[in-house]
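Asks: The hints should help you fit chains B and U onto chain S, whose structure is shown.
Residue numbers (the numbering used here), protein chains in the order written: chain S, 1 to 523; chain B, 1 to 523; chain U, 1 to 523.
Heads up, a few of these hints could be off.
The list makes no distinction among identical chains, and a pair is therefore deemed to hold if it is satisfied within one copy or across any two copies.
[As the list claims (entries may be wrong)] With a Cα cut of at most 20 angstroms, we get these calculated SDA-like pairs of lysine to any residue: (1) Lys32 - Leu211; (2) Lys123 - Leu317; (3) Lys318 - Gly67; (4) Lys318 - Asn65; (5) Lys479 - Val293; (6) Lys318 - Gly122; (7) Lys472 - Tyr506; (8) Lys318 - Trp64; (9) Lys472 - Gly413; (10) Lys400 - Val36; (11) Lys13 - Val39; (12) Lys32 - Phe43; (13) Lys123 - Ala316; (14) Lys318 - Leu66; (15) Lys169 - Asp421; (16) Lys479 - Ser148; (17) Lys414 - Leu152; (18) Lys32 - Leu152; (19) Lys318 - Leu61; (20) Lys414 - Pro493; (21) Lys414 - Ala104.
Since the hints were made in silico from the structure, they are not lab data.
Given next are the chains, with one letter for each unit.
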Amino acid sequence: MKMPESQNKITGKEILYSILNSYSQVFFSTSKTLAVFLVVISFFDYGAGIGGLVAVIIANLLAWNLGYNTYLLRSGLYGFNALLVGLGVGLYYQPSPEVYILVAITALTCFFLTVVFQGVLGKYGLPFLSVPFLLTIWIVALSANSLSALNLSERGIFVYNELYSLGGKIFVDFYDFLEKSIGSSFIRIYFHSLGAIFFQTHLLAGIVIALGLLIYSRITLVLSVLGFTVAFLFYRLVGIEFDSLGYTFIGFNYILTAIALGGYYLVPGRISFGWIIILLPAVVLITTSTQQVFMLFRISPYSLPFNVIVLVFLYALKLREQRPRHLIETPVQLGKPEKNLYLYSGNMKRFPAAYPVSATLPFFGEWTASQAHNGEYTHKGAWRHAFDFVITDRKGQQFKNEGDFAEDYYCFGKAVLAPADGIVAEAIDSIPDNTIGDVNTKDNWGNTVIIKHNETLYSKLSHLKFHSVEVKTGDSVKKGQLIGRCGNSGRSPYPHLHFQFQANPYVGSSTIDYPFGHYLLKE
Amino acid sequence: MKMPESQNKITGKEILYSILNSYSQVFFSTSKTLAVFLVVISFFDYGAGIGGLVAVIIANLLAWNLGYNTYLLRSGLYGFNALLVGLGVGLYYQPSPEVYILVAITALTCFFLTVVFQGVLGKYGLPFLSVPFLLTIWIVALSANSLSALNLSERGIFVYNELYSLGGKIFVDFYDFLEKSIGSSFIRIYFHSLGAIFFQTHLLAGIVIALGLLIYSRITLVLSVLGFTVAFLFYRLVGIEFDSLGYTFIGFNYILTAIALGGYYLVPGRISFGWIIILLPAVVLITTSTQQVFMLFRISPYSLPFNVIVLVFLYALKLREQRPRHLIETPVQLGKPEKNLYLYSGNMKRFPAAYPVSATLPFFGEWTASQAHNGEYTHKGAWRHAFDFVITDRKGQQFKNEGDFAEDYYCFGKAVLAPADGIVAEAIDSIPDNTIGDVNTKDNWGNTVIIKHNETLYSKLSHLKFHSVEVKTGDSVKKGQLIGRCGNSGRSPYPHLHFQFQANPYVGSSTIDYPFGHYLLKE
Amino acid sequence: MKMPESQNKITGKEILYSILNSYSQVFFSTSKTLAVFLVVISFFDYGAGIGGLVAVIIANLLAWNLGYNTYLLRSGLYGFNALLVGLGVGLYYQPSPEVYILVAITALTCFFLTVVFQGVLGKYGLPFLSVPFLLTIWIVALSANSLSALNLSERGIFVYNELYSLGGKIFVDFYDFLEKSIGSSFIRIYFHSLGAIFFQTHLLAGIVIALGLLIYSRITLVLSVLGFTVAFLFYRLVGIEFDSLGYTFIGFNYILTAIALGGYYLVPGRISFGWIIILLPAVVLITTSTQQVFMLFRISPYSLPFNVIVLVFLYALKLREQRPRHLIETPVQLGKPEKNLYLYSGNMKRFPAAYPVSATLPFFGEWTASQAHNGEYTHKGAWRHAFDFVITDRKGQQFKNEGDFAEDYYCFGKAVLAPADGIVAEAIDSIPDNTIGDVNTKDNWGNTVIIKHNETLYSKLSHLKFHSVEVKTGDSVKKGQLIGRCGNSGRSPYPHLHFQFQANPYVGSSTIDYPFGHYLLKE
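One chain only, chain S, in its complex shape:
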């Protein structure tokens, strides 16, 4: 529970990472390259750029200072909603000291809302997406009229001036060329909507982001076009006016929904693409209806439709009793559709009849689950999906001799492996092993390694041997890689390996029911 060292360990590199990741998380990614790209785009409007940066720094400072999870902090998860709010506020007002005080207050509000929604939606196993951003930006937008000391920005109206200030005459000419050559309103509104994700109103911003996606992940780009196209066709079919998307922050809902569901939360493929086509009309209806409501208050629903459909759909899929083979949630979400697809295909080859799961048992050879899922013994309640593994001999004994020493136990010192690819979220290695029969009630889980497989899938390997852990926080690990050795540290009366999947990186997290046992029993 105590991890005083982790607080001191914050280095300059980690500060930089937490800031950069706050940018790339907007696209569900932790790619540093993409982050640099997005930082640059955010500064297309320098007021927005500064606002975003200030907000990210304040949110991350709060997370660090108040003792929130350093791993999530480093992943940018505490910062990206505040970033969006900062961009929005920075864009809306003319830069002034008061505006940056306002940015600071909204970043603080957004940060606390992030923590709250992480807690509340986390109880349902759902990501918080951009819900904290939404609430905060609405607070700002609704207050806008009352804040008479702040001046609205007139940027966006004089696009040419800004372009000139950014890149001189070349930029202006290039922009002019684009405007003229893109005759199709469909394509122009697509680029506008892409840019609007980062509160950019220039056509150019959208084009640069599209370019970034092309380099970073082609599936993502294809999905963004697919989502937008389906929405466009449905607009036509039922007679909704399309051009209004050209000057509102609304169209990106179709793009984000397609990316999130088509490539990240579902395994990308014909089926996931099909569901995008089925679901997008519903997103359109949610968009037009919420617009009617928000119009009355003179604010935009922003990304509300995207948040609603993704949360509803993901939660509904979770509640299925049988998981049909043709609609598959990403088992190990790796921040890039291409990787999700690769991982899935790889497993399909090896386990053709089984679930698309990359997880393997975290050891070699034959072990016994002394306590498996919903066991009659102790893994109950929040810990009901955990496994305790030991090695037994033919007589079912776990030890030789009298079992008075840790070394007598067959599993003690045996290799413990990463069950799947991932990044080490936590590595504790400094807790001595107990003598047999004793338990260490202070360091409950003992030496423990937590590996992040995706945003909502982590595995925890506990009670490892003192000083046996071979990885450190932040390390990237491959499936089957040696992590440490089975030990007897923590609340462990005799050597065994505690293994569980969980939805977040905390040492004390409850388990989730990930279809791991299926392999266990087939092996």
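Replies: What follows is chains B and U alone, placed relative to chain S:
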């Protein structure tokens, strides 16, 4: 966990049932007669009728295809909210291909919202009522202005035309006769409100539904009149205009609340009727206030007041520490107030001093609860209200000889009985018994029968003997009827009967605290 | 579970207490003096005063009659939201029989909403504050236009008339004097806002309340001024019009937030005052934005901003992984900032390096935790933060001789102490001890004492010896005071002390993770 056969078992009859039950569920029932009645009424407006049918079929197809619970599917619980949405959309627009595409999209949206609210409200032990319908119909109604390719229906304005097309001159004359003979605006608005539950604007529809209720359940009819009368008197007392109820979809809130609380969720009787009188004025206030809010968006609150009051009241009753004898939740809700009342009275005679519970112990003779509620041993967390039963001899031993064989255990092979009337929601019979000491970690609960007693009360009997189960899914069972025999299948190291009450039909559901132990300890 | 005696025990004194506490709870207190003060103020407007009293009586009657927790009832927790609603309705309308029927209906609605939010927010360990009041007052306010039989009050417009009727010419002159001498609109609006907490529009009411706070708790008064000042400065900085606060029920949000967070839920001190300064601007933004929304419906957000910020902030603090020393939640909230501070300082002296917790072990000498937090054995799920304590000898044995008799156990009959100051919320003493090996499954927890330390911290000491309990419900106890003796009653196969912290006073409550173990392991 795996139940591949149930997916294949879907027969034509079951498809028909799932569709019919989607209609009768609107009145908390699974009566086929009532269903046929309601199908006919829905086609009074053929656009609405088709819309409703299309929506039901799409919702049920999704439930079946995506692997949701087949029992709930058959009960119409996945379909009835979509039905209401389909009726509403079908009525609102003139029939056209686009309209039925819209119906399909809204049915899909409504289906996913049904699953979500089943999950979320289920966590609080509450039914989802028509909350999914509400959200979906608001989405459609708010989008209506934007959908310029669809034409609003002008039906309802030309009632006579429609009546003529339905039943010729006889119908028109009859309707004319009704209109003239029912002078009282109170009675006319009552019938209008009754019809409005099915989106019917004709007076006739209300009269037919009233007739249906008269045949199906007189208590229901009486309650509907009581609720409406109390509301009417309160309108008078505080000076709210009453006639507006004649052309809005609002008045049925008073009828539905009275039926739901007066006869279904509470044991019908003087006390439940008294509470209807106390609560109805609050429903009126919720109605007038929500109308003020929704008026601004030019939509109706529809059944929102009904949903609010029923959910608030049921949840508040759940949180009581002591259950006073004069306000009693239906212990086993049987879809018809008359049955609820009968069941309650029967029990009151037999157990005059006790709770009105029909549940008995699921076996004959004297057994021992090796693990009862909140036991010190293993029934913890979500399973904390479960019982494990065994038979012990005078020395407290559970077996004769060495206990090495299942047959040595006194309880093995003994009859297991239905603890209360109900319908079999799940029956698994194909899992071999374990040898003593082994556990089957794959089929956790072993051979299992789940019996539905009411919408939120199910009992589960687990670890039954291989091929001993005497009932099959869908069977109606009586209290005390032989269900199967005590066995040693699933995660059971030695023969015992696992018994629990739970709030839904899933094999892996958590237990609920139903006052069963009271009898147990009195016996 | 059964506590029939508690229902009969309701005496006249207890009825009076439940009514008085409903008044002082508005300021998070159970002070009888403060209550009398507030009752008097409420009758400054006799319509409001009667309305408030009627509402409190109805809510408390419902709580008592329907079997809700008598301890919470006595603390005024079921009454204070209804009180506020009754005051509001009573003030808004001219007194008439219809108005008091309306008060009764809204009190009933508010009561059920209180129970519901106690349940829902309680799941997150949060207080329900004035959320039930908010929903109810909005229902009334939105319905106001429709209730044509009720006449709006014109009081408040003729302040002088009322003052005259209250206190004759002296009052009028005094009021006149005040109005003239308080030139500063800041000070006048401060007093107005203070009075508005009790729906009083007179300047005088604010001044009397300020006087009451000065006597009752100076820190509370200072905080109220601090919060109001910060809000005022922020209004100036961003140019929000300040004077509108003079005639709306809005400004008290700044006062209540400062009091709640600065002195009750956080340990008062420089840090808590600092956070008030940081958070108040966010409260201002939430206020201005919600006002924009509610303005459209012509209603006030009332205390919504206060509720939002307090719930968000408290929940976010709960989710911290590490508790930094400079932002500390009150460990034992004692209804008065001064006491909270004193308690904290006292502990800081004794445990300079530790958490500011006043809890000590509930016994003398050295005991063994046979099951501590998240134990491998049985304290799982909702009970995972519980402790079972026994006394062991050098060989680790818990008993002498054969352990066949309760008296053989070292812990049996040993003193059990109050772990911290508090009030006895429940004391059960009438359950016989079991013979060794037996368990009493009917009275699960056996003889049990529950002590309330603050609104959300209770401790439970269970399985006490038959007739050993030395305290009774309502007693005030000091840390270390003798409560009873270790026994073997309830579901206890051998003598031990079950100890847990929990968030509410119910016998069956789940445990919370209160940093008690820290001391345990340091001792």
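Asks: Would you mind marking each hint as holding or not holding in the structure?
Replies: Taking the hints in turn, this is what the structure says about them:
In the homo-oligomer, the alpha carbons of Lys32 and Leu211 lie at most 20 angstroms apart inside one protomer (16 angstroms), although the nearest pairing across protomers, at 59 angstroms, exceeds that limit. In this assembly of identical chains, Lys123 and Leu317 lie within 20 angstroms of each other by CA distance both inside one copy and across copies; the values are 16 angstroms within and 17 angstroms between. In this homomeric assembly, Lys318 and Gly67 come within 20 angstroms of each other (Cα to Cα) only across copies, at 11 angstroms, whereas the closest approach inside a single copy is 31 angstroms. Proximity of Lys318 to Asn65 under the C-alpha cut-off of 20 angstroms is restricted to the inter-copy arrangement: shortest distance 15 angstroms between copies versus 35 angstroms within a copy.
Proximity of Lys479 and Val293 under a CA criterion of 20 angstroms is satisfied in neither setting, with 49 angstroms inside one chain copy and 52 angstroms between copies. Proximity of Lys318 to Gly122 under the C-alpha cut-off of 20 angstroms is found in both arrangements, the shortest distances being 13 angstroms within a copy and 14 angstroms between copies. When the C-alpha separation of Lys472 and Tyr506 is checked against a cutoff of 20 angstroms, the pair qualifies only within one copy, where the shortest distance is 16 angstroms, while the shortest distance between copies is 41 angstroms. When the C-alpha separation of Lys318 and Trp64 is checked against a cutoff of 20 angstroms, the pair qualifies only between copies, where the shortest distance is 15 angstroms, while the shortest distance within a copy is 32 angstroms.
In this assembly of identical chains, the alpha carbons of Lys472 and Gly413 lie at most 20 angstroms apart only when taken from the same copy (19 angstroms versus 51 angstroms across copies). For a Cα distance limit of 20 angstroms, the shortest separation of Lys400 from Val36 qualifies neither inside one copy, at 58 angstroms, nor across copies, at 71 angstroms. Taking the shortest Cα distances, Lys13 and Val39 sit within 20 angstroms of each other inside one copy (17 angstroms), while across copies they are farther apart (60 angstroms). Taking CA atoms no more than 20 angstroms apart as the test, Lys32 paired with Phe43 passes inside one copy only; the shortest distance there is 17 angstroms, against 60 angstroms between copies.
In the homo-oligomer, the alpha carbons of Lys123 and Ala316 lie at most 20 angstroms apart both inside one protomer (15 angstroms) and across protomers (14 angstroms), since each shortest distance falls under that limit. In this homomeric assembly, Lys318 and Leu66 come within 20 angstroms of each other (Cα to Cα) only across copies, at 11 angstroms, whereas the closest approach inside a single copy is 33 angstroms. In this homomeric assembly, Lys169 and Asp421 never come within 20 angstroms of each other (Cα to Cα): the closest approach is 49 angstroms inside a single copy and 75 angstroms across copies. In the homo-oligomer, the alpha carbons of Lys479 and Ser148 never lie at most 20 angstroms apart, since the shortest distance is 58 angstroms inside one protomer and 54 angstroms across protomers.
When the C-alpha separation of Lys414 and Leu152 is checked against a cutoff of 20 angstroms, the pair qualifies neither within a copy, at 65 angstroms, nor between copies, at 72 angstroms. Proximity of Lys32 and Leu152 under a CA criterion of 20 angstroms is satisfied in neither setting, with 33 angstroms inside one chain copy and 52 angstroms between copies. In this assembly of identical chains, the alpha carbons of Lys318 and Leu61 lie at most 20 angstroms apart only when taken from different copies (18 angstroms versus 34 angstroms within one copy). Only within a single protomer do Lys414 and Pro493 lie at most 20 angstroms apart by alpha-carbon distance; the minimum there is 17 angstroms, versus 29 angstroms between protomers.
In this homomeric assembly, Lys414 and Ala104 never come within 20 angstroms of each other (Cα to Cα): the closest approach is 51 angstroms inside a single copy and 56 angstroms across copies.
Figure legend: structure checked against the earlier numbered hints; hints not met, in rising order: 5, 10, 15, 16, 17, 18, 21.
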